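*Asks:* What follows is the residue order along each chain.
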Amino acid sequence: MPVLSYIQAVTQALKEEMQRDEKVFVLGEDVGKRGGVFRATDGLYDEFGEDRVLDTPLAESAIAGVGIGAAMYGMRPVAEMQFADFIMPAVNQIISEAAKIRYRSNNDWQAPITIRAPYGGGVHGALYHSQSVESVFANQPGLKIVMPSTPYDVKGLLKASIRDNDPVLFFEHKRAYRLIKGEVPDEDYTLPIGKADVKREGSDITVITYGLCVHFALQAAEKLAEEGIDAHILDLRTVYPLDKESIIEAASKTGKVLLVSEDNKEGGIISEVSAIISENCLFDLDAPVQRLAGPDVPSMPYAPTMEKFFMMNPDKVEKAMRDLAEF
Amino acid sequence: MGLEKINMPQLGESVTEGTISTWLVQPGDTVNKYDPIAEVMTDKVNAEVPSSFTGTIKELVAQEGDTIEVGDLMCYVEVEGAGSVSDDEPSPAQEDPVAEEKPNKEEKPVKKPAKQEKGSKKRYSPAVITLAQEHEIDLNQVEGSGRGGRITRKDIEKLIESGNIPTAGSAPAKEEPKQEQQAPAQPAPAAASGSAVPNVQAGEGDIEIPVTGVRKAIASNMVKSKTEIPHAWMMVEVDVTNLVELRNAKKKQFKDQEGFSLTYFAFFVKAVAQALKEYPQLNSSWAGDKIIQRKAINLNIAVAKEDQLFVPVIRNADEKSIKGIAKDITDLAGKARQGKLTSKDMEGGTFTVNNTGSFGSVQSMGVINHPQAAILQVESIVKKPVYQNGMFGARDMVNLCLSLDHRVLDGLVAGNFLARVKEILEKMSEENTSVY
Amino acid sequence: MAENRHKSLGLSDDQVLDMFRTMLLARKIDERMWLLNRAGKIPFVISCQGQEAAQVGASYALDREKDYALPYYRDMGVVLSFGMTAKDLMLSGFAKAEDPNSGGRQMPGHFGQKKNRIVTGSSPVTTQVPHAVGIALAGKMEKKDFVSIVTFGEGSSNQGDFHEGANFAGVHKLPVIFMVENNKYAISIPVSKQLACEKVSDRAIGYGMPGYTVDGNDPLAVYEAVKNAADRGRAGEGPTLIETVSYRLTPHSSDDDDRTYREKEEVEEAKKKDSIITFAEYLREQNILTEEKEQAMHKEIDEIVNEATDYAENAAYAEAESALKYVYEE
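Chains as they are written, first to last, in our numbering: chain A, 1 to 327; chain B, 1 to 436; chain C, 1 to 330.
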């Protein structure tokens with residue numbers, strides 16, 4: 001099976017979907033000739049032309065809003081926000097419009113738009129090129145938020161997002177783009193949105209996380225296995241709406257749960273996961289549910305010392321996992 | 001003069017590697033700081049990489065066309081006045097955040113003692129309480145492997161799986177005896193070393209020995225016994241002059257005939273078994289709201305091997321001849337030395353006899369083999385002047401030391417039992433004792 | 001006799017009469033809504049009064065079989081022109097299950113009806129502008145020749161979404177008609193405190209499109225401007241900005257009291273230019289609207305409004321638990 005990087009899986013999914021369906025098109029800043037600042041749309045402009053790989057003016061609300069309009073008409077737009085940090089001007093379009101179009105029209109209209117954005121830190125990106133923004137959107141019924149961890153999941157979930165008839169925010173970890181490689185089948189496949197995935201079976205502790213942190217947890221788990229600590233790792237994959245069933249199952253399996261996120265600690269995705277566990281798993285719990293996340297400061301600073309302090313890494317995850325195992 | 005390294009810089013936020021498309025310098029070329037030295041191509045940009053130093057290009061390590069990781073060596077520059085090539089940590093901007101996530105120093109996995117958390121053992125998680133209720137498990141009887149001896153869900157799950165469920169009151173007797181008769185040395189990997197871990201620091205030159213395996217299990221069981229069982233102690237002195245004569249008379253022939261030794265210990269075990277038959281109170285266990293008297297008389301004997309202690313069982317000792325007991329002792333000791341004891345060999349003991357005399361000990365206070373009610377230590381046989389029949393004579397004397405669970409036993413019955421053992425032993429002689 | 005202006009625009013007598021009828025229908029529905037509100041029967045009204053000429057004039061200049069409308073909350077004239085009925089609007093006013101806009105989920109004035117290409121809207125103003133651009137973009141990609149018209153107030157022309165959307169359409173030469181219904185007030189704030197430029201149409205040049213300001217009380221002037229803009233759009237020449245100037249004859253909404261910020265005399269003065277009066281005069285002058293026809297028209301519309309009111313008042317609300325439906329595709 002071919003091995004692709006995380007970002008190559010993004011490109012492949014886009015390309016295949018554009019070949020499959022003429023209504024699929026890409027719009028955003030620098031997505032055309034340049035092929036994206038991260039090269040996610042590399043080669044698409046040459047293959048599909050400027051009409052379907054549309055370079056837009058630098059205005060995020062218009063990128064989202066124009067995409068939503070086209071989606072309401074019946075197209076399958078894939079809008080790119082150059083960095084998740086820059087999605088903020090488009091929040092009104094995403095939350096007031098995309099999320100509510102089906103509901104407010106009593107199912108008369110729909111907005112099947114996919115909005116892609118690179119998120120996450122550890123790339124010397126400082127405050128405004130490092131943020132995790134998912135929790136801004138993760139209490140907006142009507143939206144779906146997908147945050148894959150592996151190239152295989154990227155391809156299957158991005159295709160599913162494009163074909164989905166509801167708006168999907170597709171957040172890609174920019175540190176994973178070239179760091180994470182994995183096998184990706186050539187053929188067409190989709191993965192279900194809203195389904196978490198067990199990335200490692202284990203019996204001592206459960207780690208629930210998403211995005212790049214999945215890899216940190218997997219690395220930590222391998223080390224801990226040498227000490228006889230057997231970790232169960234659940235990759236949420238879709239962070240909104242959450243896969244409650246899988247969360248409950250994974251938490252109940254060991255009764256010791258560590259939730260890991262690169263985002264700030266308070267009010268994040270994992271806080272909601274924690275609430276689900278406390279509502280459903282009390283009598284299976286063997287330890288207080290633990291959250292491991294970034295500090296509650298506005299964002300990740302530029303200086304390497306401070307960046308490292310903020311950023312999640314396998315050591316931090318390993319320490320928290322061991323601590324929980326020993327409880 | 002000194003050598004400096006130029007490493008592949010990170011040219012873009014998600015870039016992890018770069019390809020050297022063209023070297024713009026050759027070895028011997030002089031470069032100024034910030035002069036371009038190579039054209040590098042990455043997924044995101046094509047860029048000229050500048051020199052970080054003023055000096056002379058010494059060696060181009062990476063070749064044109066090579067793709068190298070961010071932070072890896074491109075070339076050496078000879079620099080005026082600098083030191084030799086330093087293996088400094090890469091500059092932060094070149095650090096690979098994932099590579100750096102390898103632990104700085106290999107300091108694991110010497111497990112540090114878990115922090116002392118008082119009362120953790122008694123603070124049960126919702127899962128533990130739920131499981132204990134469903135399976136009627138008496139948590140007071142469960143060993144905790146968590147921090148501070150906390151009982152974990154997994155401890156309970158293992159217990160349920162094993163089938164040895166200590167229910168409150170009656171159950172320990174009715175269920176398989178395995179759990180409660182667990183030998184101290186039966187390896188219990190998850191067992192913690194005890195409830196309280198002292199804060200002991202190692203000094204310079206001290207050796208730290210990790211507590212694992214059997215040692216850990218022994219520690220755990222000893223702590224359990226001493227913390228749960230209120231020990232009382234008594235000793236009697238027994239005149240075994242006749243027994244010594246008996247054994248001396250028989251041992252050569254016995255060895256020749258049977259192929260193994262006729263030890264004193266076999267006689268003592270026989271005497272204890274016989275006395276236990278008459279005083280079943282000693283052959284029992286504390287079970288919370290009741291005391292369980294055992295029908296079978298299965299005697300644990302202690303066998304040491306290096307730093308390990310095993311207590312295999314002589315089954316139905318009351319039904320066995322001295323020879324039969326001696327054979328069991330020989331077999332079990334042999335197995336212990338060869339590490340061939342099975343958990344079956346150690347299951348089901350009801351009372352323990354410990355041959356402390358083999359070390360020359362004349363007096364000791366045994367720790368009861370939980371959950372039994374008593375342990376008897378057989379000390380060294382020593383020749384002593386004893387006043388007898390109006391005169392001092394040299395007699396072979398031995399001390400028998402009994403530790404008893406004062407919840408189960410009182411001084412009277414224990415005293416009577418010891419007196420009975422003494423009586424049996426003193427009566428053993430060539431005339432009236434058969435080893436067969 | 002005054003000059004016949006509609007013939008030169010290619011409009012027949014019947015067409016202009018129909019335009020007037022739609023304007024009058026809008027006015028009468030709106031007036032009924034106010035009465036229902038003041039009678040405590042519907043919680044909220046937001047009004048079209050004073051803007052019917054612009055709304056209807058613009059709509060009639062479009063192809064109402066294929067063009068897309070992205071109205072704002074006052075555009076009763078637009079949605080009636082595009083096929084919504086008095087009954088539909090009353091159902092919306094009463095928040096009943098059959099309301100085609102939202103099934104009783106949104107306040108009145110939040111129009112949407114897919115079968116008539118009336119694109120669903122929200123309350124945050126101007127968000128529909130980029131949508132209109134997106135629809136036009138889709139049409140261009142699919143090589144269709146429809147245009148989209150998006151309407152909004154002069155206050156909304158300060159929103160980022162107006163500027164971002166207009167610029168996008170200008171850059172990509174998309175067939176969008178941006179129509180600003182300048183009624184001189186954004187709730188209480190007069191146009192002088194909304195615009196740093198004299199006219200909203202002055203903003204067009206910044207986005208590479210022509211900008212026109214026309215009399216919003218004159219349906220024929222609006223018709224002409226929008227017709228030209230639509231032709232331009234269909235010809236691939238890009239978007240147009242049209243500002244229609246009229247006056248908001250009512251308070252902002254049923255919850256507003258306009259006497260706190262404007263003089264009664266100012267309103268009275270404006271009412272003299274009310275298009276329902278002035279366009280009727282034009283039609284009478286042209287002998288298109290006879291007294292007989294006018295009476296019949298009033299009678300017919302009153303009946304329609306009565307019937308719609310009764311129907312909507314007696315219609316069922318949506319099941320309470322249906323609030324859970326249609327968050328996602330089902």
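Be a bit skeptical, because a hint or two may be false.
[To be verified] Simulated coverage check for chain C against chain A, where a stretch passes if three residues somewhere in it have a Cβ under 8 Å from a Cβ of chain A:
1) 96-102
2) 125-133
3) 179-187
[To be verified] Computed Cβ-Cβ distance ranges for the label pairs, DEER-style:
4) C:Ser322 x A:Asn280: 47 to 55 Å
5) A:Ser278 x C:Lys143: 51 to 59 Å
6) B:Glu134 x A:Glu266: 34 to 42 Å
7) C:Lys325 x A:Asn280: 21 to 29 Å
8) C:Arg262 x A:Asp46: 58 to 66 Å
9) A:Val3 x C:Gly206: 45 to 53 Å
10) A:Asn165 x C:Asn287: 40 to 48 Å
11) B:Arg123 x A:Glu201: 26 to 34 Å
12) C:Arg262 x A:Met306: 54 to 62 Å
[To be verified] Residues from chain A that face chain B, not an exhaustive set, calculated with beta carbons under 8 Å:
13) Arg39
14) Lys174
15) Asp204
Source of the hints: derived by calculation from the structure; they are not laboratory data. Since the model is a prediction, treat every value here as computed from it, not as a measurement. Here a beta-carbon is modelled for each residue, glycine too, at the ideal position from N, C-alpha and C.
*Asks:* Evaluate the given range 54 to 62 Å for the C-beta pair formed by Arg262 (chain C) and Met306 (chain A).
*Replies:* 55 Å, holds
*Asks:* Could you see if the CB distance from Asn165 (chain A) to Asn287 (chain C) stays within 40 to 48 Å?
*Replies:* About 54 Å separates the Cβ atoms of Asn165 (chain A) and Asn287 (chain C), which means 40 to 48 Å is violated.
*Asks:* Looking only at beta-carbon atoms, does the pair Arg262 (chain C), Asp46 (chain A) fall within the given range of 58 to 66 Å?
*Replies:* 59 Å, holds
*Asks:* Within the segment 179-187 of chain C, is the number of residues with a Cβ closer than 8 Å to a Cβ of chain A three or more?
*Replies:* violated (count 0)
*Asks:* With a cut-off of 8 Å on the beta carbons, see whether Arg39 (chain A) makes it to chain B.
*Replies:* 5 Å, holds
*Asks:* Answer holds if the nearest beta-carbon of chain B is closer than 8 Å to that of Asp204 (chain A); otherwise answer violated.
*Replies:* OK, holds: Asp204 (chain A) within 8 Å of chain B, min 7 Å.
*Asks:* For the segment 125-133 of chain C, do at least 3 residues have a Cβ located nearer than 8 Å to some Cβ of chain A?
*Replies:* holds (count 6)
*Asks:* Given a hint of 26 to 34 Å, does the C-beta separation of Arg123 (chain B) and Glu201 (chain A) actually sit inside it?
*Replies:* 29 Å, holds
*Asks:* Taking the CB of Val3 (chain A) and the CB of Gly206 (chain C), does the distance hold inside 45 to 53 Å?
*Replies:* At 50 Å between Cβs, range holds.
*Asks:* Take the C-beta atom of Ser278 (chain A) and the C-beta atom of Lys143 (chain C), compute their distance, and say whether it sits inside 51 to 59 Å.
*Replies:* 55 Å, holds
*Asks:* Go check the segment 96-102 of chain C versus chain A for me, would you? Three or more residues, Cβ under 8 Å, otherwise it fails.
*Replies:* holds (count 4)
*Asks:* Was the hint right that Lys174 (chain A) lines chain B, CB cutoff 8 Å?
*Replies:* 5 Å, holds
Hints 3, 4 and 10 from the list above are not met by this structure, while the remaining hints are.
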